[in-house]
Amino acid sequence: MAAASRAQDIASFEKRITVKVLPNGLTLIVYERPEAPVFSFYTLVNAGSVNDPQGQSGLAHMFEHIAFKGTDQIGTTNYPAEKIALAKVETAYAAYDAEFRKRIGQDPAKLASLKKGFEDAEAEAQKFVIPNQFAELAEKNGAVGLNASTAEDSTQYFFSMPSNRFELWAYMESSRIGHPVAREFYKERDVVQEERRMRIDSDPEGRLEEQFLATAFVAHHYGTSGVGWESEISQVSATEADAFHKKYYVPANIVIAVVGDLKASEAMPILTKYFGPIAAGPKPEPMTTIEPPQFAERSVVVHDPTQPFYMEGYHRPDYRDPDDSVYDAIADVLSNGRTGRLYRSLVRDQRIAQTVQGGSGEPGVKFPNLFEFSGRPLPGHTNDEIAAAIHKELDKLKNEDVTDEELAAFKTRNRVDTLRGLADNEGLANQLAQYQTLFGDWRQLFRELDQADKVTKADIRRVANKIFVESNRTSARIEFAAPPTQGAASSGGAQ
Amino acid sequence: MTQAMTTNPQRKPMHDRTRSAWLALTLAAFTATAGVVPAQTPDAKPAQSPAHAAAPSEPWAKIPIPPLHAFKPQQPHRVELANGLIIFLQEDHELPFINGSVLIRGGSRDEPAAKAGMVSLYGSTWRTSGSAATNGDTLDTQLAAKAAHIETGGGSANTSLGWSSLKGDFDSVFASAMDLLMHPAFKADKLQLARRRMEAAIARRNDEAQGIAVREAIKQVYGPTSPYARQAEYATVEAVTLDDLQAWHDRTVVPNNMMVSISGDFDSAAMEAKLRAVFEPLPRGTKIETAQLDYPGPKHGVNFVDKSDVNQSTVFIVGLGTEQSNPDYYALSVMNEIFSGGFGSRVFQYVRTKLGLAYEVGGEFSAAYDHPGIFYGAVVTKSASTVPATQAVLEEIGRLKTNPPTPAEMKRAKDDQLNSFIFNYDTPEKTLSQQVVLAFYGYPSDFLEKYKDGIEKVTAADVTRVANKYIDVSKLATVVVGNKAEIQPPLSTLGPVTNLDITIPPPPGKPAAGPPAGR
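Taken in sequence, the protein lines are chains A and B.
Take 1 as the starting number for the first sequence in the numbering used here and just add one per residue.
Take 1001 as the starting number for the second sequence in the numbering used here and just add one per residue.
No lab work stands behind these hints, which were simulated from the structure alone.
As the structure is a prediction and not an experimental result, all values here were calculated from the model.
Check the hints yourself; a few may be wrong.
[Claimed, not checked] Below, in silico cross-link-like pairs of lysine-lysine (BS3-like), each with a Cα-Cα straight-line distance of 27 Å or less: (1) B:K1354 <-> A:K187; (2) A:K127 <-> A:K246; (3) A:K411 <-> B:K1146; (4) A:K457 <-> B:K1457; (5) B:K1354 <-> A:K88; (6) A:K398 <-> A:K411; (7) B:K1062 <-> A:K127; (8) A:K263 <-> B:K1510; (9) B:K1457 <-> B:K1469; (10) A:K454 <-> B:K1146; (11) B:K1475 <-> B:K1411.
Generate the whole structure from the sequences, applying the supplied hints.
Structural data, given as structure tokens:
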């Protein structure tokens, strides 16, 4: 099987790939990879946390959760009646929320009564819900890896299924992209707040990173918490989620890649049948905000009952910058495994760090972002030592050329690792959708390799001198502070 | 470094040295291991929504589900040498790579307690030291130029050496890998490097609540000194010498204690000849036998670790699980699916969707290959709902015994597993690794095929029978890591609370507690 199916360059890809833009603007990619009777898909919505409206941080992620709650056909016993009930929930919630947000003259009795009205409306709407029917339907039909994720730049949905379920999947996916229903919204909001507690509030490095980004970006939304500030994520509404969907989940803003045991001649008509009827909408307007140049170093120091941790970042341009591959080369030279300069210097030779790494694209790539470094000091060593050692390596990069071997190894690795990434349906679907979204053409996946081949030693020095300067730096660190001693004489957990 | 948020929590791997005792909190459904073939998947009918068969319209029920394309997974070519070495070769010509691995019996569970951490130190020092002919740093540079890899590692039941390269570089990379296997040269400075990094891991092990909870839960199940639960400490790490590493290597790297597996773009006959040339001359040694242990299981009760810098509690309810060789394994697998397999499972539907108490909730009656796995239910919830969320998970555990699966639940559980069965062997690499694992633990090569038949035959009565046979709430321990000041109602609502002391024993000759080791 698959004896001579080599998938290694643009030419061999061209033979297996079909791209189609539907009249409503949705881009579809089918890649034929008949190795086994399965397929994977990757739906990429070109909107993420960075698109959260003012005062509604966390909304893109909240919507991603809602996209598992079903549609006007899946997850409901009677949608027309449910729709009316859900509208009442929104009216009741808006009334409660208006009273809740009153800064002066809030009436506790009225608030309680409005809250009850809201909860009653929720209970009424709940009667029509078949909980988790969407995900259950997928899982019963053999879906694996059922998930989605919300990043700053985009929101993505993905899983794999046996290939005989392709049409069922096309029905389900088109249904939730075109006609999702924000049912059980306020309970899911509780779930998402637990996710915030887990990823940010109760995780020392999560807490630090949120502060770090909020400090590094003063104007651009990359500085706003992606999971949402507690006050905002606890107050977003289903009405707001619907508005987000209407604005950003338009077909022209979505790319879907499917890879596996499919024939484009059979798959495209099915895709067209299900995704074609989704109503077109205007492509969201591009963002105006550009992070202004930083002219003074910034720093964050968190005192926590946790071992020390250090991170720093430097602003760099977005992914369309002509030097994009130069940043990749810098990341490779500094941070690729045991041959990376940072490992060799801080871990192997100086023995001051347990781990150290660096790379760009934090927290996204679509807009000017950060080249970020982080390190964990070994016992007996400090964040200051880590910072000084990183800066020494950056100075070296600015003042001396990298070696021929380092540059050659970067180019080889770049090519070979890209090839390694083409070995499975999930990875391929992901890559194709990403490149098609970012560049309007999946072929950039391969063209990027040619750009990387052109990087010179002089490019590396030039770019290093441009961004690795003190005034362009934001650092954040955790310094150990003993935990508060609460009732040392008490008996502990059993109160 | 920025973590994307997801709907379905996929845990970052928790720091744990035991493979089978891996207390994943993921909601991912139980996955079987090993590989075989159905010509087509079992159900030809579209799925119904069982709980609501009377729902007015299910448009998807009309969508045709054709028979799955015929598919015969390619089984690896198995060779056993006269000296006991087992070889598996799996050709895959899609991409021009060749990957190889040597699995060596004996792992951290077989190391002396006084030297806990030795196998992990061995796994990292082996590669960074390199061989007598080529030191590790030089090897790093040589491989980097080819975008190739050679890595070594130490696990609970085995150590390993693996490599990967473009097929054009195979001969040179294979030669380097075999040089490292046959002629390692453990070096003092590299042992020291590995030791220092491990000390950092020890110093940092109480920083994250979930890491603490997983570790303490495993200790409750197997006992704190068990080879599956014990921790490397400063003292045990310091006790490890270069001679220990060499002696371990000499004892374990013998042909009848190893398995070699290779996949990728090669010709099996030619590859077999290359491997025979390298391995046939090796003399037999002694196969590593793992000591038989007793598994009394945990002591019933609530155990608590106070952590002042969190606003959420991590809760584990744990007991002993089982082995995959248990004839009840199939029924227990279906029970798992009903309990916690995916979005439709009982804990997900109740604790997350209905109550909104958690993002992470899950559990499994897990089965290891050669010792009992762990039974657990877990939930991560805001401090204030610690008690109700724990009670909710306990309730669901109890309901496994009192509430037999409905026909709809049985259908969902079986459909989930059987319709996704193809993903056990949809790549040649998966089929290969299943055969290696089965052979390593002495399971029959058709184990997966039998597993599928076994699942198909399970009845609701079987599930209730095994739930009653294996689940005993009086033999479950609860571990909570959370912020005591915020937990209200208090944990004592659940029963008497034992405070766990997680103080890290200081390095020999150093004062206890006080400032962190980083000062």
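Output the indices of the hints that this structure fails to meet, ascending. 4, 8 and 11
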